[in-house]
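**Q** Residues per chain are reported as follows:
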Amino acid sequence: MSLRQTHITILVATLICAPIVCRGQMVLGLEKDFIETYKDKATIFTRFHLDAVPAHADPHPIGEGSKDGDIHIAGRDSVVRLPLVAEIINARKEPQSLTFLKNLLNEGTLGKEIDLTGVWRIWFEHLSKKPQIQKKAFPTPDDSGMAHAFELHPVTMFDTFDCRDSFVPIKSNTKEFKAYGAVRAFIEEYGKLELDIALKGSQVMLTAGLGQINYAEFDIELAAKPKSVGDGFIVSAKVYEAGEEDHPLIQANRRMVFVKDTVPGNTVKNMTKGERLHVLGIPRVNLHAVSLIVSKLGPNETWHGSLPYEMIIVAILK
Amino acid sequence: MGLFNSTVLDVIIGLIFVYLLLAILCTAANEWVAAFTRRRGKMLRRGIEQLLSGQPTRNGGDADAFLQEFYAHPLITSMMHDGNHPTYISPRNFAAVVTDVTISLGSGAASFDSLEKGASQLPEGNVRKTLLALLQRSSNRLDATEDNRLEVSQQLIEGWFNDAMDRVSGWYKRRTQLWTIAIAVALTVVANADTVQISRRLWVDPVLRGEVIEGAKARAQKPPATIAVDYEDDADPTVGTVTRTDNQGSEISAEERQSLGQLIGWRGAVQNNTWKDWGERGFGWILTVLALSMGAPFWFDLLNKFMNVRYAGKSPDEAAKTPKK
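Just so you know, the protein sequences line up as chains P and C, in that order. The opening position of the first sequence corresponds to residue 1 in our numbering, with each subsequent residue numbered one higher. The opening position of the second sequence corresponds to residue 319 in our numbering, with each subsequent residue numbered one higher.
These are computed hints drawn from the structure, not numbers from a lab. Nothing here was measured: the structure is a model prediction, and the numbers come from that model. The beta-carbon is built from N, C-alpha and C at its ideal position, and this holds for glycine as well. The reader is advised that the hints may include incorrect statements.
Straight-line distance between alpha carbons at most 25 angstroms, and here's what the computed DSS-like set of lysine-lysine pairs gives [what the hints assert, rightly or not]:
(1) C:Lys535 <-> P:Lys192
(2) C:Lys535 <-> P:Lys200
(3) P:Lys171 <-> P:Lys67
To give a feel for the contact side, a few chain C residues facing chain P, derived at Cβ under 10 angstroms [unchecked claim]:
(4) Phe354
(5) Thr355
(6) Glu476
(7) Asp481
(8) Gln539
(9) Ala546
(10) Asp548
(11) Tyr549
(12) Thr556
(13) Gly558
Bound conformation, chain P alone:
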């Protein structure tokens, strides 16, 4: 290859690599007041308008990765006011909720409004090309797998049905869900995600790329007694690979969020510093950290850094 050809190749390679290394991104806009209200809460209670469910109201099968046994329900609500997906975990353990959804489908009465409580979760797993901004109008959801960043996942109360008993290991009679290992989740995925935070009037704009991993299996060692936040508990904890005793996987402690009156919540509430749990968890953006960053941002300033996250503990594993 001649020198000139080499030059051209190098330049083309540089220009081609640039878009490859820059993943697609999504913008989510949240009201500052909303962040302040929910940053240290586990759940949100809302009036939810059911718009879309999977065909036959069937949950995901149980296996690994996306075969997590959840059922997704897309809709609109009165509090979050964003494209919203509610997810019942271990959905097969909630036959009343499934029957309720199947009846709606059979009767053609999807569009009903119900009371819904669930763990609020912001995670950029289903990127939208268009920004999603709180209180701004958006098309009526017509697909339970629609692009979204805001979820109520897991659901704790679905209409009058109590789903808190679904916070257990995900398994059927014949299969057990296999979550991602701690190294794959925390080191190779969560730790590499990045977030931009900017202020736009009374709104906080979060811009992030794709976050692919949901369920992770790992051990935690409590750094202190859990703090009650009304609807749950938040505790700082070290993260370990499952079975690892001496070397934490990440340097900084992480906030762990437990829901009141669930098996994980009832287990952790009386635990103390140094005690350990083997858990199944899913990440969400740490809005408390976002709030702190926003408090220091100037009007035309964008913060860029590692995406601050905390873990929702959905099950205690043996």
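For this one, chain P is given, so just place chain C on it according to the hints.
**A** Chain C only, in chain P's frame:
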């Protein structure tokens, strides 16, 4: 020779490093121009004029009287420095001043009714139309009560201001981008930052290439300015501390200036004066200007990614995986 052997990778990294340094210089120059021309303040003024101009305060009066009242308000005059327009007005302050001016043109203490009265007493104009529409909307809000109607109205006025600020941000970004390109062209030509020549020098000189890679490595390790959050009190994970760290990335060190000096410049270039040489130089300049228009943060991110590839990809933020027992 494979495409991605270490020489090719090093030349790519060297090129990215040069683009980063030149982009930092462009940013600094752009900031200086923005401050000198008071770009931010002027854009903000233009946005506010779009909202509040064309509104007299009495029949037959000056068409921009409302705007003048706005700028005469103590809240706004206190933000002026040496008669220069402030670079930032909060939505809350904007709404407070508009409310105050409207109410004072009517009569009575601050209340929803006096705001509505003041707005309806204004002569026909943009502000009157908008305010009455916002006040109507506030009355229709489900969360509006007798006690909070004024506050709801002010929130809607803040929203009106925020929408205008979206436009102002767009104008500011476009103007900044134009200046960035203009500065990039000037810097590229004056310094003869010819991409083709830079990559040729990196390719043929392994010693120079090695020095540049060391400079790139040191630069990639410099933490950018940031806001850091810490949860120091394990007993209360709802209490965190937030601090600003210094910006170590916006200046160019003496070693980096030396590396840059060896890669750009007119040294020896004046001997190459054929049309072909100027054509190649022009092409190289165009590539450099295009690169600089992407901005320093883009090249800093790309530098980190390529350095990770070169040094076998450890994330700098997480501890290394410890070996299993």
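**Q** Hint by hint, say whether it matches the structure.
**A** Here is how each hint holds up against the structure:
Proposed proximity of Lys535 of chain C and Lys192 of chain P is supported: the alpha carbons are some 20 angstroms apart, at most 25 angstroms. Between Lys535 of chain C and Lys200 of chain P the alpha-carbon distance is near 35 angstroms, which puts this suggested pair outside the 25 angstroms criterion. Of the supplied pair hints, the one linking Lys171 of chain P and Lys67 of chain P holds, its CA atoms being roughly 11 angstroms apart against a limit of 25 angstroms. For Phe354 of chain C, the shortest C-beta to C-beta distance to chain P is roughly 17 angstroms, which exceeds 10 angstroms, and the interface hint is violated.
The interface hint given for Thr355 of chain C is broken, as the beta carbon of that residue sits about 16 angstroms from the closest beta carbon of chain P, more than 10 angstroms. Contact between Glu476 of chain C and chain P, as hinted, is supported at the beta carbon level, the nearest pair being about 6 angstroms apart and thus within 10 angstroms. Among the interface hints, the one on Asp481 of chain C holds; its C-beta lies about 9 angstroms from the nearest C-beta in chain P, closer than the 10 angstroms criterion. Against a cut-off of 10 angstroms between C-beta atoms, the interface hint on Gln539 of chain C is violated, since the closest Cβ of chain P lies about 16 angstroms away.
At its closest, the beta carbon of Ala546 of chain C sits 8 angstroms from a beta carbon of chain P; the interface hint therefore holds under the 10 angstroms criterion. With 10 angstroms as the threshold, the beta carbon of Asp548 of chain C comes within range of chain P, its nearest partner Cβ sitting at about 8 angstroms, so the hint holds. The beta carbon of Tyr549 of chain C is positioned within 10 angstroms of a beta carbon in chain P (closest approach about 6 angstroms), and the interface hint is therefore held. Checking Thr556 of chain C against chain P by beta carbon gives a least distance of about 5 angstroms; that is within 10 angstroms, so the hint holds.
Interface hint at Gly558 of chain C: satisfied, since its Cβ lies 5 angstroms from the closest Cβ of chain P, which is below the 10 angstroms cut-off.
The structure shown violates the earlier hints numbered 2, 4, 5, 8.
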